[in-house]
Amino acid sequence: MKRRIYIILLIVGSLIFCSGITYSIFHSNVILNANDQNIAKFIFNAENLDQLELSLVDLNPGDIKDYFFAVSNSNTGSLSDVLVEYQMTLTTYHLVPLSIELYKLNGEDREWILTCDESYTRNEQNELICNTPIQMMGYTAEELDNYVLRLEFPNEYNDEMYANLVDFINIEIKSWQKVEEGD
Amino acid sequence: MFSEFIDFDDLAINSQNVWVFEQDSLPILFIDDLNKPLANIHVSVYSWNNLSYDLSPVKLEDNITFSIEEADDIVPFREAYYYISNRATALTKDEILQIDSWNLYSEVVQITEEGTYVIYAKVIDYNDNIIYINTDLLILDLYGASVDISIDNYSWPDLRDSLDYIYIDRPKQVAIEANDAVSGVASIKYYITDQILGISDLEQLNDDNWTTYSNPILINQIGTSVIYAKVVDNYDHVTYANTDYLVFDGYTITNLIIGRNANSYLDADPYITNKSTITLNIRYNRPGIELNDHTHNLISTILLPVNTKITLIDHIMEKVYQYQISTAEDLYNYHNSCEGQGPECIKVATYPFTLFREVGAINKSFVESTYYQAGQIDEYFTIILDLSKTNLTTNYSNVTLFMELHDENGNKVRPTLYETIEPFHVYADVGGQSAAANLFLTTDYSGDTIIFNSDSISNINITSGLNYQYIDGIKIIDTTYEDKNIGLAIKLVDSAGVTIDKEYLRSVIFKVGDNEYYPGNDSIVRINLNSGIATVTKTLSIATFEHNCKLKDGTYYFKITNYAAVDGYYYESLGSNELTIPVSISNDQINIDYRFDVMMDDNARIINKASGLVNVTFNILQEAELDNPNIRVSLYQKDQLTAYNQTYSIVDLADYVNTPLIEYVENIYYVTTDPALYNEFSLTLITNNFDYTGYKLVFDLCDGIKKVGTIEKYFIVK
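Read top to bottom, the protein sequences are chains A and B.
Just so it is clear: in the first sequence, position 173 is 172 by numbering that gives the first Met the number 0, and no numbers are missing.
Just so it is clear: in the second sequence, position 476 is 475 by numbering that gives the first Met the number 0, and no numbers are missing.
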């Protein structure tokens, strides 16, 4: 069962994924230009929603979990008044041999965005850093970009050594104004 | 002139002195005087009046009576002497002249002794002329030849009708000697019969019945013989002589069997060890007369050692007897058996059958019987000589066992036919080494260790058999292995050599061919190789299975030996060779009935490195019937930051917590040494000491040093 939860700029708290329950948290962090004179911008509550942490505990081979989330350009009805670009960053240790894939949902279609695997580099904290391509959102109407993060634990790892492992996935959104030429 | 003859010497000088005056007046030539017979020697119808050097034989059958008388009454002689020579040739003139023992003849002389004689007479006339007269060779042969028939130490010089029995056990030669010193032996002949014949019977025998004797007579036919000899001398005197009854007869040994079974050691030479058994079948089946008060005896050319067991089977009476030698004392007349015999005598020990006790009866000894029925004697015995319980230390060559029948005086009346007696040889040692055969056991197994509590199959080729000792290239048979089957005995032992109980072998299968074998109550697996005592190579398969093994970790051994047993299973002793197959038992986790779980807050499974001190509590459940339960904990760090390598390496938990810990061994600490059903265990993590990676805490439930169960709790530090 999936539920779609909108994170509209201001989302408080982190959500913990449990078996069978999916939820999505999305956030976008836009650095406001204090001297901005435009109204359209991302409004994110940096306090809580900088990132989404998914604790992966007691996953078993054969498990497939979909985590749905969206990115919105509207915060409690306020639209960004500028074209916004955003990028999502997935981080994980990848100590569990999961297949981590991010899709953008376009109606019934799924647009593959990225597969976060060990081809990506690790940071100083040994986390894999998987950046999505930069996405854009308009400002004239309320828009939602829907995503699904699919985690799959392949059956081929059906071995005792892969039992009871622990990992995490963080999703972080960064957004900024798209400066158009001539503006 | 008639010159008087003086003597021949004078005559040589005075050749004219040739006259003698007969009656002192009548001259005659001396030579005529000399040649004119003066006297005669008369013997029977014969007479001689001169000296002759050519003697003719004159046979006289009566006594020799001779006289010396004048040849002419009118010419008497003055005196006469006689000399009796026994020489078959005439005396020479000189010998006659040298005779100094002339006997004065006064009357008729008689010679009564058989022999050859020449009588010399010396006659002196009144002119002192001496003339010599001799007879021819007088042969006085009053009797026939002397005869001697002989066999071994027996001889018979005369004709007899009261005969003894002489028993011979093998072909014998009978010699006849005859001698007639006077007339010589003209012929020797013999006649063989089983009857007693008198002179008239012998005289009535045709010439065809008699065989000329030229060589010793061979007695080689079973039966009774009386040999009559007929000797004729040159005076046609006939002399007879005969032997006693010569009985060539006896028991026949039909088989000398090595062991007890005739098929056990076919074609083997009769060389046996000092613990072996030998069997004889002895028969006598012939027409005969009933012999009462006779005794049957077993004869041995060695004094049988103490604890020799002799089994006597009487097939005619259908009884079985046994006798065991209980003393080294010579109760069997062995040492005195050659008393009064020549150096060729072979000592024997005599074991009367009456020593034997009937098997299955109480205090019942062998009872003598004549084995006679309707003119036939039928005896059939089997004798089994068992040396297995003796302590014989001497080697014996050419030992023989046979039977004899003795009469009431102990005289042998029926031997065993010599040609049927087969000697055997007993060896206690060969070159200082025991002559006993021994089992050998070899394998080509490489020695790989069997992992006991795992699924495995080990195929071990084993060759088993019997090594015999040899003497001069001849195999010495050890019948203690007769009718036995060689088998394998397998046991599992620990490093101290203690046999492991069969309870721990339930998951092991021992297989040879299509048959599976399991340990008996003594925890030993017995495998009958079903090949008798032949050398055989079999493949022993040992299959193990992963299973609940309660044996402590360590190295054990399958010990494989062989044995020989009648049924192929239950043995009295094992062979000296032993094969050792190493077995490894490693029980990191023993699946016994237990409950063990460790629960921790999931929130504590993702630790922030920047959190400082983080207290994590573990709720531990354990339930098991353990002798010495304890729970231990250790910390492992992931080796690689990848999902595709799940190896962890132990680190020292103490470096990551500030909780006091009790060390079990390096890097392993006790949670508790006296766990309850539920146990709470807390660790205060020094988060900063962790790296950005994954870890696991490993909790072991143990029984003493042995792990029973393990729970791993993974967490990450980020």
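Be careful, since some hints might not be right.
Claimed, not checked - The list that follows gives simulated cross-link-like pairs (lysine-lysine, DSS-like), each with its CA atoms no further than 30 angstroms apart: (1) B:Lys411 to B:Lys363; (2) A:Lys64 to B:Lys712; (3) A:Lys173 to B:Lys608; (4) A:Lys64 to B:Lys608.
Hints listed in this document are in silico derivations from the structure and should not be mistaken for laboratory results.
Cross-check of the supplied hints:
1. The hinted pair formed by B:Lys411 and B:Lys363 meets the criterion: a straight-line CA distance of about 26 angstroms does not exceed 30 angstroms.
2. For the hint pairing A:Lys64 with B:Lys712, the CA-to-CA distance comes to about 23 angstroms; that is within 30 angstroms, so the pair holds.
3. The suggested pairing of A:Lys173 with B:Lys608 holds, with an alpha-carbon distance near 25 angstroms, which does not exceed 30 angstroms.
4. For the given pair, A:Lys64 sits about 28 angstroms from B:Lys608 by alpha-carbon distance, which is consistent with the 30 angstroms threshold.
When the structure is compared with the earlier hints, no violation turns up for any of them.
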